[in-house]
Amino acid sequence: MAGNDYAKVGEFKPIDLLAVAAAREVSDGEVVFAGTGLPMLAIMLAQRTNAPNATCIYEAGSVDGRPIDLPTSVGDARCHYQGALASGLWDVFGQLGRGVVDMAFLGGAEIDQYGSVNTTYMGGLPGGKRLTGSGGNADINSLARRTVFIMVQEKRRWVERCSYITSPGWRIPKWPGGEFVHKKEVYNKAFRGGPWAVISDMGVFRFDDEGVIYLDTVHPGFTPEQVRDKCMFKLNIARVSGETKTPTYNDLELLYKVVDPEGIFLS
Amino acid sequence: MGRPRKVSLTEAIGLINDGDSLTFSGFTIWRRPMAAIMELIRQGKKDLHLIEVNGGTHDDMLIGGGCVKIWESCWSGHELYGKIPGNLSRKFQAGELICEDYSHVQMLYRLVAGAHGLPFMPIFAALGTDILNPEYDMLGKAGLRDGSHPKIPSKKYEMYTESFTGSEVALVPAAQPDWCIAHVQMVGSEGTVRVLGQKYADDEAFKAADKVIVLTEQIVPEEFIRREPERNLIPPYLVDYIVELPWAGHPTGCYGSYEADGEFIKDFYTRSRTQEGFDEWAQEWIFGVKDHEAYLNKLGVSRLETLRASTALGYSQKVKRGSR
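If you read the protein sequences in the order shown, they are chains A and B. Its first residue numbered 1, the first sequence is counted upward by one per residue in our numbering. Its first residue numbered 1001, the second sequence is counted upward by one per residue in our numbering.
Just chain A, same shape as in the assembly:
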């Protein structure tokens, strides 16, 4: 078997496929905003495979680092090892506002069919469970050209409309009135994009012209119907283009030997 051959089912873990599918969303030369966890694996793998000229910015203030050890979170000193800059939030969020950021990886506890996510109150208020809150999620989904979400595929987390919208997708309320409109009508001249793809442990999803999510590829071992059953809304499975490509042997070697040899996220 050659390094570029695709691994067979059973030769990789679900989390490996998540990281690899996420890495493949990065185009070479892009400026990428990444957060803690799987996004770090994804950008570090992408820089060693399909996007060697991609630049990574972490929101705590590290710009174009070349880490030799996997950071555990964005404030970690490892993020800016051999970096162009170790700055701060004012610098990097300013760059985001200016339109410098091409794509970003984000996560969430709940996602809706328009790509809004909830990281604040699971179930909304009153009564909802308090989570971490937005952090940069809302800002990045607002102002990056493309955002890619990495999500767990659980029915209660895939909803018609988020019980609390922390981070704005394609159809969102326009405050203070709250009427539900397309993102363009809320952002006007500041509009430059939004949710581009969602990667779960069952498939890869994209958004149609109306900003509604559909299933693009299904991971090996699952059917589109099984994925639809894990959504509270009626997921569009009419546009499925095939199976998600599995990791290559080279991807797995890089993930386990170079990116996360300590087993921090890939235990």
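If you're looking for bench data, these hints aren't it; they were derived computationally from the structure. Errors might be hidden in some of the hints.
Derived Cβ-Cβ restraints for the label pairs, each shown as a range [stated by the list, open to error]:
hint	chain 1	residue 1	chain 2	residue 2	range
1	A	P176	B	S1148	46 to 56 angstroms
2	A	N53	B	Q1275	35 to 45 angstroms
3	A	K245	B	S1154	26 to 36 angstroms
4	A	A84	B	A1294	41 to 51 angstroms
5	B	A1142	A	E185	56 to 66 angstroms
6	B	E1158	A	F191	53 to 63 angstroms
7	B	E1230	A	I15	42 to 52 angstroms
None of the values given here were measured: they were computed from a predicted structure. All C-beta atoms, glycine included, are put in the ideal place defined by N, C-alpha and C.
Using the hints provided, position chain B relative to the given structure of chain A.
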């Protein structure tokens, strides 16, 4: 203003009154003034109002200790070592804590406005989210935006159509907390502050606050820190009190000095999921030790040596972080 005074941690924290508003240096689990957090709990402060760019282990600890009435920020948790802020979540659900949420950019720009003496800043970030839903104006709903609280703005935000380009922006109000409590790597003997590594939102936190207490890994001769002024962040006259206290950021990480103590934070998170668990933890690590020195002795030399950063890398490669 004038020159800062060198004081003990007990003295510095003794200056903080119940009901005061606080902000801190650092980012999530990095370079937080943890010794000051533990001393605030030890001194039994009440009704504190936290106004922060983001929270982390420090604010969740302070909330567990019953010291906080209002949390205004965008995030809290323990990164890899605890996925939700256990104390914050529990106290909020019990109705014992007001949580006013903003986004990262919104909180940052509120402190920038405070630091620059401006009444507000305009932003595009986080439009179309429930952060701006009037139903989630938690200070307003609690009746605290009536003008009688000097650190609470009369509105959470305001939508505004500006006339330069005709864009609709959100205006977020300035924040000027009573105190910034910071932890840094180096302070000169006269008070010049140097921060190594990422600066996070320290510049804004220092300058937005009315008064500043700086904890530092070390005080160095002023002549030394002034050899390279381009590496310094804050001049002496913007600092009020200095406390020299090595390892004062533990269990959070401090670039160039020591690693975040993930095992310690994970243990704190696990135990603080219930109030009884938090109380037991606090008995062991806060009330059961007399001061910061006793705390470090309890941690022990070998634990601290494992955490100590490599001078070449700025972090430690000796800590076991994963499963391999």
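Hints and how they fare:
The given range of 46 to 56 angstroms is broken by P176 of chain A and S1148 of chain B, whose C-beta atoms sit roughly 24 angstroms from each other. Between N53 of chain A and Q1275 of chain B the C-beta distance comes to about 51 angstroms, which lies outside the given range of 35 to 45 angstroms. One distance hint, 26 to 36 angstroms for the beta-carbon pair K245 of chain A and S1154 of chain B, is violated here, with the actual separation near 55 angstroms. For A84 of chain A paired with A1294 of chain B, a C-beta distance near 43 angstroms keeps the hint of 41 to 51 angstroms intact.
At about 32 angstroms, the beta-carbon gap between A1142 of chain B and E185 of chain A misses the expected band of 56 to 66 angstroms. Range check, E1158 of chain B to F191 of chain A: about 21 angstroms between beta-carbon atoms, so the 53 to 63 angstroms window is missed. Distance hint check for E1230 of chain B and I15 of chain A: the Cβ-Cβ separation is about 44 angstroms, which falls inside the suggested range of 42 to 52 angstroms.
Checked against the numbered hints given earlier, the structure breaks hints 1, 2, 3, 5 and 6 and satisfies all the rest.
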